[in-house]
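K.L.:
Guided by the hints, dock chain B onto chain A, whose structure is given.
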Amino acid sequence: MDEKRITRKQFAAAITVSLLSPLLRLLPQTAVGLAGKGAWLSPLPALIPVLLLALILESLRRHMRPGEGMGGLLRRWLGPVMGRVVPALYAAWFLFYGGFILRSGAERLVSTVYASSGQGLFAAVTIALCLTVTLGQMRAAARTAVILRAVLLGALAVVIVLSVSNMDADRLAPFSWQDAASAVPGALPLASVCGVAACFSFLSGYVEKPKNGRWLWGTHLLLLALGGVICASVMSVFGPALTARLTYPFFIMIRSISLGDMVPRIEAVVIAVWVGADFMLVAMLLRCAHEALRPVFGLPDPEGLPMGSLRGGRFLLWLEAGAVFACSFLFDLPPWQLKLWSDRYIPLGNDIMLYGGFTLLWLATIPKRKKEKSKS
Amino acid sequence: MRRLLLLLYVWALALCLSGCGMSLASDRHDAEKLLLIQTMGLDREDEHLVMSVSSGLGPDKEPALVMSAEAGGIEDAIARLQNYSPENQLFYAHVQYLLLGERSADQDLDSVIQWVDRSPTLRMDTDMLVVKGSARDAVVDASEQATDITQRLASLERQARSTGWTINTLRQVAAALAEGDGALCLAVQTAPSEGRVFTDEQRSDAVVPAGYAVLDQRGLVRFLSPEASLGAEVLTGGPSGLLVTVDGCTMELLDGEAEVTGRFSDGGAPEGINVRCTVRTGVLEKPLRDAPSPEALDAALSDTVRSWVSQALACAQEDRCDFLGLRQAALKNAPDKEALDQAWRELFPSLPITVTVDGRVDRSYDLAE
Numbered sequence: 001m002d003e004k005r006i007t008r009k010q011f012a013a014a015i016t017v018s019l020l021s022p023l024l025r026l027l028p029q030t031a032v033g034l035a036g037k038g039a040w041l042s043p044l045p046a047l048i049p050v051l052l053l054a055l056i057l058e059s060l061r062r063h064m065r066p067g068e069g070m071g072g073l074l075r076r077w078l079g080p081v082m083g084r085v086v087p088a089l090y091a092a093w094f095l096f097y098g099g100f101i102l103r104s105g106a107e108r109l110v111s112t113v114y115a116s117s118g119q120g121l122f123a124a125v126t127i128a129l130c131l132t133v134t135l136g137q138m139r140a141a142a143r144t145a146v147i148l149r150a151v152l153l154g155a156l157a158v159v160i161v162l163s164v165s166n167m168d169a170d171r172l173a174p175f176s177w178q179d180a181a182s183a184v185p186g187a188l189p190l191a192s193v194c195g196v197a198a199c200f201s202f203l204s205g206y207v208e209k210p211k212n213g214r215w216l217w218g219t220h221l222l223l224l225a226l227g228g229v230i231c232a233s234v235m236s237v238f239g240p241a242l243t244a245r246l247t248y249p250f251f252i253m254i255r256s257i258s259l260g261d262m263v264p265r266i267e268a269v270v271i272a273v274w275v276g277a278d279f280m281l282v283a284m285l286l287r288c289a290h291e292a293l294r295p296v297f298g299l300p301d302p303e304g305l306p307m308g309s310l311r312g313g314r315f316l317l318w319l320e321a322g323a324v325f326a327c328s329f330l331f332d333l334p335p336w337q338l339k340l341w342s343d344r345y346i347p348l349g350n351d352i353m354l355y356g357g358f359t360l361l362w363l364a365t366i367p368k369r370k371k372e373k374s375k376s
Numbered sequence: 001m002r003r004l005l006l007l008l009y010v011w012a013l014a015l016c017l018s019g020c021g022m023s024l025a026s027d028r029h030d031a032e033k034l035l036l037i038q039t040m041g042l043d044r045e046d047e048h049l050v051m052s053v054s055s056g057l058g059p060d061k062e063p064a065l066v067m068s069a070e071a072g073g074i075e076d077a078i079a080r081l082q083n084y085s086p087e088n089q090l091f092y093a094h095v096q097y098l099l100l101g102e103r104s105a106d107q108d109l110d111s112v113i114q115w116v117d118r119s120p121t122l123r124m125d126t127d128m129l130v131v132k133g134s135a136r137d138a139v140v141d142a143s144e145q146a147t148d149i150t151q152r153l154a155s156l157e158r159q160a161r162s163t164g165w166t167i168n169t170l171r172q173v174a175a176a177l178a179e180g181d182g183a184l185c186l187a188v189q190t191a192p193s194e195g196r197v198f199t200d201e202q203r204s205d206a207v208v209p210a211g212y213a214v215l216d217q218r219g220l221v222r223f224l225s226p227e228a229s230l231g232a233e234v235l236t237g238g239p240s241g242l243l244v245t246v247d248g249c250t251m252e253l254l255d256g257e258a259e260v261t262g263r264f265s266d267g268g269a270p271e272g273i274n275v276r277c278t279v280r281t282g283v284l285e286k287p288l289r290d291a292p293s294p295e296a297l298d299a300a301l302s303d304t305v306r307s308w309v310s311q312a313l314a315c316a317q318e319d320r321c322d323f324l325g326l327r328q329a330a331l332k333n334a335p336d337k338e339a340l341d342q343a344w345r346e347l348f349p350s351l352p353i354t355v356t357v358d359g360r361v362d363r364s365y366d367l368a369e
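Residue numbers (the numbering used here), protein chains in the order written: chain A, 1 to 376; chain B, 1 to 369.
So here's chain A without its partners, still in its complex pose (with noise of 0.2 Å):
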């Protein structure tokens, strides 16, 4: 295998670790609020939106040309102006999602652990680790997802099963059909973070060639799974309307586990090893607009060069780290604005520029994906 790419289970552990830091933040509590009782049951109807976005990328990721991410395949189908104005226009969104990442990142460390700090130094030294991965091999940043998400998911693990004392099931009980059905608007929140997995789209060219184009379907029923039991372990200890009124419900649960009286609280441990998530997101966030803005500016490929080089377009990742760090600061807003943003605006983003930009590419393309059939 080239050096360069890196495995599709490397691929889906960078994915799975970057969608857990919105997944956390969004569930339970948006999805218990928008759905009520039914939230745990929101992973069904999301399988919906979540499977046929994976369909369209792959749709497109066949006509991607060996090494090409989505950045060289709308440069190449949508002509000179359009082609470089829609890759600018995602990269421009991908450094403004990863600098609200990384704000909404500190203040939930800040809030939850670290009452009396300051953001700014998390988030500065969050972007300070981020360019140093993005500043590297692409597997060496897959390798650490593979790591981390081992340590994420039995972080979860651990939390989900030292709670099980403080579950009562009749919390989600009664379920009567109108609850069943309620569960739909709480598809919307699962759905937009399963959708951010489209911005790994651009990193495509860095990934091995899949077999089937089922390959992401695990990484989303995974995610939606997750987002599944997270639901219902919260709802089953805090009942569905405490579940909403509470800041990090998720996080409120963790404090109450103690393993004994030798380690009487664990949450500033599993909070801490969250902030792994963020840092995977938004370095992941920071290459894709990298790849994004590559065929652009016609840049070569950036990896290979020492760490300190800036030469072949580097120091477009200097630039791009420091336009996130100064979005971040757009976010330094008091805490019922940032909870705006993250439940409304930025899925809302996410859903136009992913569901609706790639769904729009797919349907106005089909004539020369056709083209491209039948010449091949």
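A hint or two may mislead.
To be verified - Pair by pair, the computed Cβ-Cβ distance ranges are: (1) B:E318 <-> A:G154: 50 to 60 Å; (2) A:V263 <-> B:G248: 43 to 53 Å; (3) B:G73 <-> A:V269: 25 to 35 Å; (4) A:A326 <-> B:V10: 21 to 31 Å; (5) A:L89 <-> B:K33: 51 to 61 Å; (6) B:P352 <-> A:V269: 48 to 58 Å; (7) B:D303 <-> A:S165: 34 to 44 Å; (8) B:E75 <-> A:V263: 21 to 31 Å; (9) B:G73 <-> A:W177: 36 to 46 Å; (10) B:P352 <-> A:D332: 56 to 66 Å; (11) B:P352 <-> A:V273: 47 to 57 Å; (12) B:P335 <-> A:E208: 48 to 58 Å.
Stated by the list, open to error - When the alpha-carbon atoms are kept at most 16 Å apart in a straight line, the in silico EDC-like pairs for lysine to aspartate or glutamate are as follows: (13) A:K211 <-> A:E58; (14) A:K373 <-> A:E58; (15) B:K286 <-> B:D247; (16) B:K332 <-> A:D170; (17) B:K132 <-> B:D106; (18) B:K337 <-> A:D170.
For the record, the hints were derived by calculation from the structure and aren't laboratory data.
For every residue, glycine included, the Cβ atom is placed at its ideal position computed from N, Cα and C.
P.N.:
Relative to chain A, chain B alone:
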């Protein structure tokens, strides 16, 4: 060399995020200066909130640090308490018991829930008790040299576990209130420790259980009578260990369960609620003469428990406060759950409730002699 430098760079960044020592985080805690607060009491006095805290006995039996401050709100009170102890940093991550005075339980519960939600230290699973009277009295006045309120409450918790009383946590109360139901909270009161010999300097009050307080979104609804509290305990499923005297026989409730079902017409309209309780007791003491027959004792036990349960149910209907989880239970077999859920608040106070109790007395082999 490059890898070593990279490793050092990552370590330096990670160290900045740690919570102690050379961390750049401004709220790092020096472990030696932390004073762990273990019991917290809240009272409402007109426009002011009174917060009383106790640190619990030190590892070498140093006396507990007990303080009380009056302020406009919870955070304000915390800041004042910190001023009273400048040499230590008061640390609330290990609070085990939250005591709410009568007026505070009535007016401040919502603020307390919001505050714990936002607090990075306090736990939702803190045991919560309502004090008949003032929480300050319980925290401050109940302290003596050899023990303190935390020890007393820990002892009460052990006692409650063996005698069947349930101590609910703030989470359980908040969850019930958020669903629009009522919640039960163990009530305590301070009482002179008459049974124990003290010197005058050591004399202090004891904290003893005083039935249950009923809370709902309106605040403190009422304190249940001892009999209604026992009925509530039977209905909420944790009566084991309770002592009951029937026909001169002292018995221990070994276990019991309550089955609540809705009664519906053929058209699905709610007609009432059926409550069926099963209790099993073991005889501990019997009168030397004229001991009742086992059958008579079974019947008397059933009557007694039925009276408790009926009193608890009557309180719930009278107060329009479903603190016994009847709505949840009735919904389980409701033909139209949505309709019943929406109409419950209106229907509940007038729904006829049928109570049947099946009491069985064990260890009664010597009664038949």
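K.L.:
Does each hint hold? Answer for all of them.
P.N.:
Here's how the hints hold up against the structure:
1. B:E318 <-> A:G154: 50 to 60 Å: holds (52 Å)
2. A:V263 <-> B:G248: 43 to 53 Å: holds (51 Å)
3. B:G73 <-> A:V269: 25 to 35 Å: Taking Cβ atoms as reference, G73 (chain B) and V269 (chain A) lie about 31 Å apart, which means the hint holds.
4. A:A326 <-> B:V10: 21 to 31 Å: Once the Cβ atoms are compared, 23 Å apart, the range 21 to 31 Å for V10 (chain B) and A326 (chain A) holds.
5. A:L89 <-> B:K33: 51 to 61 Å: 53 Å Cβ-Cβ, so the 51 to 61 Å window holds.
6. B:P352 <-> A:V269: 48 to 58 Å: Cβ of P352 (chain B) to Cβ of V269 (chain A): about 54 Å, so the range 48 to 58 Å holds.
7. B:D303 <-> A:S165: 34 to 44 Å: With a Cβ separation near 37 Å, D303 (chain B) and S165 (chain A) satisfy 34 to 44 Å, so the hint holds.
8. B:E75 <-> A:V263: 21 to 31 Å: holds (29 Å)
9. B:G73 <-> A:W177: 36 to 46 Å: Holds, at about 45 Å.
10. B:P352 <-> A:D332: 56 to 66 Å: holds (60 Å)
11. B:P352 <-> A:V273: 47 to 57 Å: At roughly 55 Å between Cβ atoms, V273 (chain A) and P352 (chain B) fall inside 47 to 57 Å, so the hint holds.
12. B:P335 <-> A:E208: 48 to 58 Å: holds (57 Å)
13. A:K211 <-> A:E58: Distance of about 12 Å is within 16 Å: holds.
14. A:K373 <-> A:E58: holds (15 Å)
15. B:K286 <-> B:D247: Satisfied, since the Cα-Cα distance of roughly 9 Å is no more than 16 Å.
16. B:K332 <-> A:D170: The hint holds at about 10 Å.
17. B:K132 <-> B:D106: holds (12 Å)
18. B:K337 <-> A:D170: This hinted pair holds, its Cα atoms lying about 15 Å apart.
The structure meets every hint from the earlier list without exception.
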